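A.B. asks: With chain X held as given, fit chain V onto it using these hints.
In case you want the letters, here they are:
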Amino acid sequence: AQSVTQLGSHVSVSEGALVLLRCNYSSSVPPYLFWYVQYPNQGLQLLLKYTTGATLVKGINGFEAEFKKSETSFHLTKPSAHMSDAAEYFCAVSEAGGGADGLTFGKGTHLIIQP
Amino acid sequence: NAGVTQTPKFRILKIGQSMTLQCTQDMNHNYMYWYRQDPGMGLKLIYYSVGAGITDKGEVPNGYNVSRSTTEDFPLRLELAAPSQTSVYFCASSYGTSGLAYEQYFGPGTRLTVT
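Residue numbers (the numbering used here), protein chains in the order written: chain X, 93 to 207; chain V, 162 to 276.
Derived by calculation from the structure, the hints in this document are not laboratory data. Since the model is a prediction, treat every value here as computed from it, not as a measurement. Note that the Cβ used here is the ideal one computed from N, Cα and C, for glycine as well. One or more hints might be untrue.
As the list claims (entries may be wrong) - Listed next, with one range per pair, are the computed distances between beta-carbon atoms: (1) P132/X with S230/V: 28 to 36 Å; (2) K175/V with Q134/X: 36 to 44 Å; (3) M202/V with S162/X: 26 to 34 Å; (4) D217/V with L110/X: 19 to 27 Å; (5) N162/V with S106/X: 37 to 45 Å; (6) S172/X with T181/V: 39 to 47 Å; (7) T181/V with S162/X: 42 to 50 Å.
Just chain X, same shape as in the assembly (with noise of 0.2 Å):
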């Protein structure tokens, strides 16, 4: 079975700095990744996937990640945050088909952004 771990329930950071969001999966096929954002009262929005080829892809709002296999890593990552960046994020991954059963869920990251 496939399951998502995102370390950090919450990560604050600075204005202007980097933000860091951790995802490891493990999957026993070659996996499809994703990351969401979630607003307040707000339901899930896509912001990035990797599906095959190019293993960094970017995103909107500036956000890309980057998969590396031979660590089972999908970490998120934006040069400079933003206010508007605070939310809810989700790492999520499928087997089948890119997710026609469903995706499994990290339980996702809190990202606070001190002014």
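C.D. replies: Below, chain V without anything else, positioned relative to chain X:
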């Protein structure tokens, strides 16, 4: 396009009552999903459907039922509500075909309290 819509936004149920959470999508997606989100636990898949007339259980299906009579609608039925079903429920949809990774589009959620 309205995307994925869910009704109601909020609901309070008494123990033992039943209700249906509505979900509609106007993107002609063939795959639809129901997740529940509990604090600090990420999202868990309840049921999913790969097309009209086809449904399957996810990770946490007990206490719920679904149907999929049309491509657009995927209602979730709670019978004999229990306090353990207090949660935020998200419906999602995606386009699916073999060999492609599918972005799931999420609705805004239904916050359900069972007392």
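A.B. asks: Compare the structure with each hint and give your call.
C.D. replies: Going down the list of hints, with the structure as the test:
no., hint, in the structure
1, P132/X with S230/V: 28 to 36 Å, "34 Å, holds"
2, K175/V with Q134/X: 36 to 44 Å, "28 Å, violated"
3, M202/V with S162/X: 26 to 34 Å, "29 Å, holds"
4, D217/V with L110/X: 19 to 27 Å, "41 Å, violated"
5, N162/V with S106/X: 37 to 45 Å, "38 Å, holds"
6, S172/X with T181/V: 39 to 47 Å, "45 Å, holds"
7, T181/V with S162/X: 42 to 50 Å, "47 Å, holds"
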